[in-house]
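Protein chains: 2
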Amino acid sequence: MPTKTVLGIILSGRGSNMQAIVDAISAGRLANAKVGVIISDNPNANALTRIPASDIPRVCIERENFKDKASFEKALIKELRIHHVELVVLAGFMRILSAEFLNEFNGNVMNIHPSLLPAFSGLKAQEQTLNYGVKVSGCTVHFVDDGMDTGPVILQQAVPVLENDTVESLSERILHVEHILYPRAISLFCEGRLKVVNRKVQILEKPEK
Amino acid sequence: MPTKTVLGIILSGRGSNMQAIVDAISAGRLANAKVGVIISDNPNANALTRIPASDIPRVCIERENFKDKASFEKALIKELRIHHVELVVLAGFMRILSAEFLNEFNGNVMNIHPSLLPAFSGLKAQEQTLNYGVKVSGCTVHFVDDGMDTGPVILQQAVPVLENDTVESLSERILHVEHILYPRAISLFCEGRLKVVNRKVQILEKPEK
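Note that the protein sequences, when read in sequence, are chains A and B.
Position 82 of the first sequence, counting from 1, maps to 81 under numbering that gives the first Met the number 0, and the rest follow consecutively.
Position 42 of the second sequence, counting from 1, maps to 41 under numbering that gives the first Met the number 0, and the rest follow consecutively.
Treat the hints as calculated values from the structure; they're not laboratory data.
Be aware that one or more of the hints could be misleading.
Given that identical chains are not distinguished, each listed pair holds provided it fits within a single copy or across any two copies.
Below, in silico cross-link-like pairs of lysine-lysine (DSBU-like), each with a Cα-Cα straight-line distance of 35 Å or less [said to hold, decoys possible]: (1) K33 x K68; (2) K205 x K194; (3) K33 x K199; (4) K77 x K199; (5) K3 x K77; (6) K123 x K199; (7) K123 x K194; (8) K33 x K73; (9) K3 x K199.
Put together the whole structure using the sequences plus the hints.
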């Protein structure tokens with residue numbers, strides 16, 4: 000039986016991408032992964048109670064309970080280590096992680112962003128998108144580096160921006176694609192088919208030995 | 000018989016988009032436009048001899064024959080005026096036009112760029128695209144303002160970036176889409192269906208009275 004890669008999902012919000020990943024695992028579309036732990040930094044997020052039937056460990060680690068970023072991140076790392084996490088999956092986590100945190104996981108930290116990066120990085124991407132007036136947007140799954148949405152791009156998919164789009168309608172259209180793209184990117188990682196060379200992510204036909 | 004909008008095409012290079020526009024007019028896909036004049040600033044571009052059977056006036060106006068940018072642009076404007084140009088179409092023209100030039104044509108100046116702007120503006124867009132490592136690129140038709148590829152976006156279309164793409168293979172894939180998108184954008188202009196509001200280009204169902 001092939002071993003499963005252990006994911007640690009970190010979020011701040013409602014957790015729809017977390018839900019999509021859990022669903023993909025349940026449905027067999029992400030059969031080579033399992034979720035070791037779900038961590039939220041927001042006690043008010045309903046993400047931690049979102050999957051009532053699941054036995055996945057859930058933890059809330061609040062930033063305000065720590066004196067600085069370093070000690071907060073140490074607590075995250077400790078929790079991820081307890082559950083033997085191999086790939087850290089950011090799913091609406093609203094903080095920038097330090098280079099020290101990323102090194103702890105050898106850069107095996109992924110994020111999803113609701114634009115075609117490098118366009119419209121940072122907060123409120125959909126609002127930036129509409130204000131600029133582009134006709135095509137999309138979403139990006141990328142490895143995380145210590146910049147703001149600047150890491151190597153794993154997968155992207157375009158979506159149209161429509162004439163009367165609002166932030167809500169565009170966000171919903173992008174989110175639909177996010178929920179397909181993120182499990183697919185994680186699956187490629189679990190199969191050993193992602194290779195980063197000069198900040199470019201090669202998608203291999205077969206894993207390298 | 001509906002009147003045709005007179006285009007003035009300005010280029011520096013080989014003129015494949017100029018060719019695509021002329022072909023679209025011949026084929027009836029851009030029936031409400033005619034080309035008044037083709038201007039090149041490069042005497043070595045074969046664009047001016049590219050359409051042997053055509054009776055479209057062609058002119059070479061070289062920058063080095065003028066003492067400054069303003070007098071060069073005056074010569075361009077004079078030539079465009081002689082041919083009653085209503086829409087200036089940049090098709091591989093390698094210079095930034097001044098606000099004065101743009102005002103002469105009430106901002107009715109279009110350009111095409113081989114990326115999904117605002118990503119990868121400026122020179123060598125395809126090389127920038129490959130160096131960043133994105134998985135989706137495309138092309139953009141936009142109205143020109145006095146910035147570098149910053150004007151209001153009219154149409155965009157995405158193309159995939161493939162695993163083993165070179166600058167040449169990616170450029171060719173994008174160019175194929177450019178040749179479809181540029182005539183379509185010009186056609187919308189000629190139909191009076193483009194309306195710029197707060198730097199956003201609305202595509203109207205019907206022209207406004």
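Taking the hints in turn, this is what the structure says about them:
Taking the shortest alpha-carbon separations for K33 and K68, only the intra-copy value of 28 Å comes in at or below 35 Å, while the best inter-copy value is 63 Å. Taking CA atoms no more than 35 Å apart as the test, K205 paired with K194 passes inside one copy only; the shortest distance there is 11 Å, against 50 Å between copies. Proximity of K33 to K199 under the C-alpha cut-off of 35 Å is restricted to the intra-copy arrangement: shortest distance 26 Å within a copy versus 44 Å between copies. Only within a single protomer do K77 and K199 lie at most 35 Å apart by alpha-carbon distance; the minimum there is 30 Å, versus 48 Å between protomers.
Within a single copy, K3 and K77 get their C-alpha atoms as close as 21 Å, which meets the 35 Å cut-off; across copies the closest is 70 Å, which misses it. Proximity of K123 to K199 under the C-alpha cut-off of 35 Å is found in both arrangements, the shortest distances being 26 Å within a copy and 18 Å between copies. Taking the closest pair of Cα atoms, K123 and K194 come within 35 Å of each other both inside a single copy (30 Å) and across two copies (26 Å). In the homo-oligomer, the alpha carbons of K33 and K73 lie at most 35 Å apart inside one protomer (23 Å), although the nearest pairing across protomers, at 67 Å, exceeds that limit.
Within a single copy, K3 and K199 get their C-alpha atoms as close as 25 Å, which meets the 35 Å cut-off; across copies the closest is 48 Å, which misses it.
In terms of the numbered hints stated before, the structure departs from none.
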